[in-house]
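Participant: Just so you know, the sequences run in chain order A and B.
Note that this note's numbering numbers the first sequence so that position 41 is 41, with each residue one more than the last.
Note that this note's numbering numbers the second sequence so that position 121 is 121, with each residue one more than the last.
Honestly, the hints are just simulated from the structure, not real lab data.
For each residue, glycine too, the CB sits at the ideal point set by N, CA and C.
Keep in mind that the hints are not guaranteed to be accurate.
Listed below are the simulated BS3-like cross-link pairs for lysine-lysine, each with C-alpha atoms no more than 30 Å apart in a straight line [as the list claims (entries may be wrong)]: (1) A:LYS130 to A:LYS248; (2) B:LYS54 to B:LYS130; (3) B:LYS248 to A:LYS256; (4) B:LYS54 to A:LYS248; (5) B:LYS248 to B:LYS130; (6) A:LYS130 to A:LYS256; (7) A:LYS54 to B:LYS248; (8) A:LYS54 to B:LYS256.
Coverage of chain B stretches by chain A, computed from C-beta distances (three or more under 8 Å per stretch; other residues unrestricted) [stated by the list, open to error]: (9) 66–77; (10) 91–101; (11) 163–172; (12) 200–207; (13) 215–228; (14) 248–257.
Derived DEER-like restraints, expressed as beta-carbon distance ranges [stated by the list, open to error]: (15) A:GLN139 to B:THR82: 30 to 40 Å; (16) A:GLU249 to B:PRO49: 17 to 27 Å; (17) B:PRO49 to A:PRO46: 50 to 60 Å; (18) B:ASP177 to A:THR82: 26 to 36 Å; (19) A:PRO52 to B:ALA257: 12 to 22 Å.
Protein chains: 2
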Amino acid sequence: MTAKPSRRTAITGGLAGLVALPMAISGCSSAEATSHIEEHGVAPQPFAPSAPIKVAIVLYDGMTALDAIGPYDLMNYVPNLTMQFVAISADPVRTDSGLLALTPTNTFADADQPDVLLVPGGPSAATMSKNPEMLRWVQGAAGEATWVVSVCTGALILGGAQLLEGRPATTHWIAMDALAGFGAQPRPDSRIVRSDNVVTAAGVSAGLDAALWLISMLRGVDAAETAQLCIEYDPQPPFDNGHYGSAKEATRADAKALLAHALKR
Amino acid sequence: MTAKPSRRTAITGGLAGLVALPMAISGCSSAEATSHIEEHGVAPQPFAPSAPIKVAIVLYDGMTALDAIGPYDLMNYVPNLTMQFVAISADPVRTDSGLLALTPTNTFADADQPDVLLVPGGPSAATMSKNPEMLRWVQGAAGEATWVVSVCTGALILGGAQLLEGRPATTHWIAMDALAGFGAQPRPDSRIVRSDNVVTAAGVSAGLDAALWLISMLRGVDAAETAQLCIEYDPQPPFDNGHYGSAKEATRADAKALLAHALKR
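One chain only, chain A, in its complex shape (with noise of 0.2 Å):
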């Protein structure tokens, strides 16, 4: 199923009157009773195709790689587009595991103002979303930004600043607590949540399939299928317990005992 226009058709009454609008993504999802995309609210237009958008992934100690570079590569096909990649200072940052380090482009203090404001999650969301200097700017960011999207505990980060009191949101399954905390309304069952321009996405790869979605609502389907072309972005998982609802009990709880492990790193 390709995006049509009437997804993105306006529901009139802002947060107060959401209306859900759970919407199953075909693709590669098996048959399931859950959603994998839920919009809610008013969805930004999408750019002209002349119009440049500009990107700008947010990148902190303790984050996760694989949040930040998977919407990246995505986006390295769009036409017309540009990104840079944000931090606090212009040193480059670890990513959790400590060992792989990512050089910013820019810091909170030169950087552009995005159209598109990507924060990607990790083990030390949580702490950054207590962070002032991250808060002021993603505040100020999203603020002015068409659309503001997080992958994984990013959504702890747009928490923090306030950006998800009162709506429909997900995040990687270990903190759906932590995003209740926030105001939110967790929606562990779906894989991207739009409610008006805000998109969350669930654990680490969903950046993947957010990314894709969101290049459609940018430019268009076919620029996404062009960017879905251009990685091969044809999944075939050898296994079946990506998602924490249908897992096995032993794979949540080794799951859970490395990820409490992550957190300490």
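Starting from the structure of chain A, add chain B where the hints point.
Facilitator: Chain B in isolation, oriented as in the chain A frame:
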């Protein structure tokens, strides 16, 4: 379907007597006539749980970040497994967009001998497939490694190191002819191909599927499923144009044009 021991049954005869054992894996895949994983020859035995596993991920200028970061972020959650990012020099490498820099942890001169050698692809892979420093190190490391793995056009570097002669293999769809030039037998409809201990994955995002499967071979299916849940790898692509064989003609043309541009960057 989970990997069964029988899938690793040795086929006698070595390379000269290769027996094709194409196996469709279910998971998220749609029902198609093509197989998504092919296995040939003899697979290495799993490591004992107590045996440390060393992984080397090769970095180089002009590589595609996601080819490396997908597998890295899954392997982050494998107990008793350590990784090094290895490059010709200690300088940060510029990934294909020129925007994102990744910092090696080791140079070829000081890297550990890996148990698993992983070579990502990118627009510069064809050039790197002729780089003497790259080929010397890859050949040496591959000779002692238990597993040799490529993602995307990383297969061309394995080809340049003469590791694919006579072997069935896959790569990004745009490089399938180039792969044949190294004496490999291209498998455009397989997302993952194993020929003895040499594993090749299709374009970019296929590294996630390959790494997940590889973890099951290294440490068993339970470890793979736990890593899968940690990164919530339950893909739901909203569009279905990720495979060249089934992509629309217009999408193919657009993707070729974009990738040709990438090759010139």
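Participant: Run every hint past the structure and note whether it holds.
Facilitator: Against the structure, the hints come out as follows:
1. A:LYS130 to A:LYS248: 34 Å, violated
2. B:LYS54 to B:LYS130: 26 Å, holds
3. B:LYS248 to A:LYS256: The hint is violated at about 41 Å.
4. B:LYS54 to A:LYS248: 28 Å, holds
5. B:LYS248 to B:LYS130: Since the Cα atoms of B:LYS248 and B:LYS130 sit roughly 34 Å apart, the hinted pair is violated (cutoff 30 Å).
6. A:LYS130 to A:LYS256: 23 Å, holds
7. A:LYS54 to B:LYS248: 28 Å, holds
8. A:LYS54 to B:LYS256: Judged against 30 Å, a Cα distance of about 24 Å means the pair holds.
9. 66–77: holds (count 7)
10. 91–101: That given contact holds, which follows from 6 residues of the region 91–101 of chain B lying within Cβ reach (below 8 Å) of chain A.
11. 163–172: violated (count 1)
12. 200–207: This one holds; 5 residues, not fewer than the three required, reach chain A with a Cβ under 8 Å.
13. 215–228: Result for this restraint: holds, n = 7.
14. 248–257: Held - the region 248–257 of chain B has 6 residues with a Cβ nearer than 8 Å to chain A, which meets the minimum of three.
15. A:GLN139 to B:THR82: 30 to 40 Å: The hint (30 to 40 Å, Cβ to Cβ) holds, given that A:GLN139 and B:THR82 are roughly 39 Å apart.
16. A:GLU249 to B:PRO49: 17 to 27 Å: Taking Cβ atoms as reference, A:GLU249 and B:PRO49 lie about 21 Å apart, which means the hint holds.
17. B:PRO49 to A:PRO46: 50 to 60 Å: At 51 Å between Cβs, range holds.
18. B:ASP177 to A:THR82: 26 to 36 Å: Because 32 Å falls inside the window, the suggested range holds.
19. A:PRO52 to B:ALA257: 12 to 22 Å: 19 Å Cβ-Cβ, so the 12 to 22 Å window holds.
Violation of the numbered hints given earlier is confined to hints 1, 3, 5, 11; the remaining hints are satisfied by the structure.
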